[in-house]
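Going down the list, the protein sequences come from chains A and B.
Just so we're aligned, residue 5 is where the first sequence starts under my numbering, counting upward by one.
Just so we're aligned, residue 11 is where the second sequence starts under my numbering, counting upward by one.
To be clear, the hints were calculated from the coordinates, so they are not data collected in a lab.
Take every hint as true, because none was put in to throw you off.
Here are the simulated DSS-like pairs of lysine-lysine, each with C-alpha atoms no more than 30 Å apart in a straight line:
| no. | chain 1 | residue 1 | chain 2 | residue 2 |
| --- | --- | --- | --- | --- |
| 1 | A | 92 | B | 373 |
| 2 | A | 218 | B | 211 |
| 3 | A | 9 | A | 229 |
| 4 | A | 148 | A | 92 |
| 5 | A | 218 | A | 9 |
| 6 | A | 218 | A | 234 |
| 7 | B | 211 | A | 148 |
| 8 | A | 92 | B | 211 |
| 9 | A | 92 | A | 122 |
| 10 | A | 122 | B | 211 |
| 11 | B | 107 | B | 60 |
| 12 | B | 346 | B | 60 |
All values reported here derive from a predicted model rather than from experimental measurement.
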Amino acid sequence: MNQRKPAIVAEHLTRRFGTFLAVDRVSFRVYEGEIFGFLGANGAGKTTVIRMLCGLLAPSDGNAWTAGFNVRTQVEQIKQHIGYMSQKFSLYEDLTVRENLAFYGGLYHLRRDQIQQKKQQLFQQLELAAFETTLARDLPLGFKQRLALSCALLHDPPVLFLDEPTSGVDPRARRDFWGLIQSLARSGKTIFVTTHFMEEAEYCHRVAIMHEGKIVAMDTPETLKARSRKSSMQQVFVSLIQQQLTES
Amino acid sequence: MRRPRSRIAAIALKEFWHILHDPRSLTIIFLLPVIQLIMFGYALNLEIQKVELAIIDLDRTPASRELIQHFEGSPFFEVMAFRAPISQIETLFLRRKARAVLIIPADYSRQRQQGTTVDLQLIIDASDPNAAINISNYCQQIVEAVPTTRLAPPPAPFEVKSTIWFNPDMKSAYFFVPGLLALLLVMISALLTSVAITREKETGTLEQLLVSPVTPVEIILGKVIPYVLLAFLDGVGILLIGVFVFQVPFTGSAVLLAFLTLLYIITALSLGLMISTVTSTQQVAMMAAQSATLLPTLFLSGFIFPLRSLPWILQLISYIVPARYYLVIVRGIMLKGNTLPQLITPALFLMGLSTVLLIIAGKRFKTTLEA
Ligand SMILES: Nc1ncnc2c1ncn2[C@@H]1O[C@H](COP(=O)(O)OP(=O)(O)OP(=O)(O)O)[C@@H](O)[C@H]1O
Ligand SMILES: [Mg+2]
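Start from the sequences and build out the full structure, keeping to the hints where you can.
Structure representation (structure tokens):
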């Protein structure tokens with residue numbers, strides 16, 4: 005990865021809920037065109053980090069910039085420059101594929117002809133065309149996921165946040181989906197993705213492993229594997245977590 | 011090239027799609043008022059018309075027959091002659107053969123000729139006190155049309171307190187049409203908005219909205235506009251049925267009523283909005299909206315019970331029931347032809363109420379979004 009401009013910068017990013025420390029002084033950079041994976045068990049704090057980077061949640065401490073804008077002071081600009089696919093596919097189940105897209109397009113002030121054009125392109129790329137008038141609730145899960153991705157991509161954001169985009173989706177659909185993500189990254193989009201499927205980490209350019217609110221390791225999958233002399237990310241993750249548990 | 015669509019329009023359009031995709035709720039929105047109107051109208055009108063009245067004529071003179079004809083000419087009574095001894099009146103009531111008995115005294119014609127006031131005795135089955143009051147009032151009207159007659163005060167066992175359903179023309183439609191209008195508008199507005207917003211919380215789409223550039227004000231306006239329109243259409247429907255089917259007079263200004271109705275709808279929507287900020291599931295929102303609107307509007311607005319007849323604590327609560335003010339407005343405009351200066355007090359109260367609700371809801375809405 006040739007080091008270009010950073011698209012996301014986090015410095016000692018911290019979030020407390022009451023006295024509970026959900027995210028503890030997390031620092032990292034994600035560069036333009038990079039696929040950055042956030043790995044961690046349930047409750048590690050992945051979603052909380054994403055919500056802070058999107059401007060949905062104010063940090064308790066530390067600071068962060070997304071697409072060059074500060075998450076504390078420039079939330080409005082951030083919103084124009086990010087796409088977000090939340091943990092549960094937040095689609096309107098009782099609306100059709102076309103209506104879902106038209107609505108999200110409208111939210112970004114897109115003109116109808118712009119929505120139409122972008123829609124055609126995404127339909128082709130994501131093979132959704134056959135479902136245009138299908139209700140979202142009747143879509144197979146894999147296609148729901150693609151529709152959610154389309155909605156997040158309509159306004160052509162340079163930075164994309166995907167929170168466990170592949171949970172509940174069958175292995176084939178997951179492979180296809182990662183293919184899409186890789187082509188999006190090649191076209192210059194920055195992708196911040198969380199998952200708890202360790203094998204998916206192999207698709208990422210770099211990963212950060214999170215445990216109880218802290219980043220415990222961060223590098224390319226190859227380096228992480230080499231350093232701990234393991235053959236898969238699954239093993240790397242297990243050994244890292246065990247190490248954390250014995251230390252504490 | 012078309013102009014970019016406004017985000018408010020995008021949200022409003024989406025709400026319409028939701029409504030269109032859910033024919034059940036659409037049916038409820040438009041059928042409920044009609045069903046309720048028919049229920050109220052049918053039940054009340056039948057009760058007031060064709061009341062079985064037994065007349066015991068102890069006088070049997072042309073004068074007493076003239077009085078009986080007056081009753082027979084009224085659509086409210088189904089008159090039957092009754093000759094059995096007065097001691098059997100009770101069985102008449104028990105077998106539900108009659109709901110009222112009128113006794114014309116033996117000296118009826120003589121007293122009238124002498125010009126003295128005649129006392130007629132009316133005995134009413136008061137097991138339904140509302141109906142009893144109505145019957146008594148109708149009889150009063152008919153008897154008063156005959157010179158120098160009047161009803162004797164009712165004997166103690168049938169004494170009823172006159173509190174409920176009173177209006178000078180004895181037309182219950184005058185009361186239930188405005189009341190139903192107030193009830194349905196507040197229920198539809200509060201229920202639909204609170205459910206529409208909590209639905210987005212429940213499904214997680216609210217979070218998706220919040221990462222887009224849309225502002226809370228745009229969300230609220232976009233969501234509320236479709237329901238304002240629906241509620242308004244419903245209101246117009248109820249009024250048309252009220253005026254053309256139930257013959258409720260409309261003496262005042264339709265524009266003024268439309269304007270103040272809008273104010274009432276906005277108050278109800280603010281209530282719905284506030285409910286949506288304290289509930290996180292549609293089920294709970296629905297229940298909260300119902301309990302905040304249905305019973306207070308029925309009982310604490312002056313719709314069914316006059317406010318003066320309530321215990322003081324309920325009278326106090328009634329000040330925050332929007333229907334209390336709206337009923338004064340609708341009745342005033344429809345029945346009395348009131349103009350704005352006469353209705354300024356309830357209008358100001360509504361405005362104050364909606365402002366307070368909106369401020370609280372707006373503040374709470376923002377904080378729930380941030381949590
Ligand atoms: N709004 C909140 N109020 C209180 N605690 C919260 C809140 N949001 C998250 N938490 C807590 O913070 C911790 C981290 O949550 P987060 O959702 O970020 O984890 P995650 O890594 O995304 O987990 P998952 O894989 O289950 O999605 C959890 O223990 C969670 O209970
Ligand atoms: Mg999560």
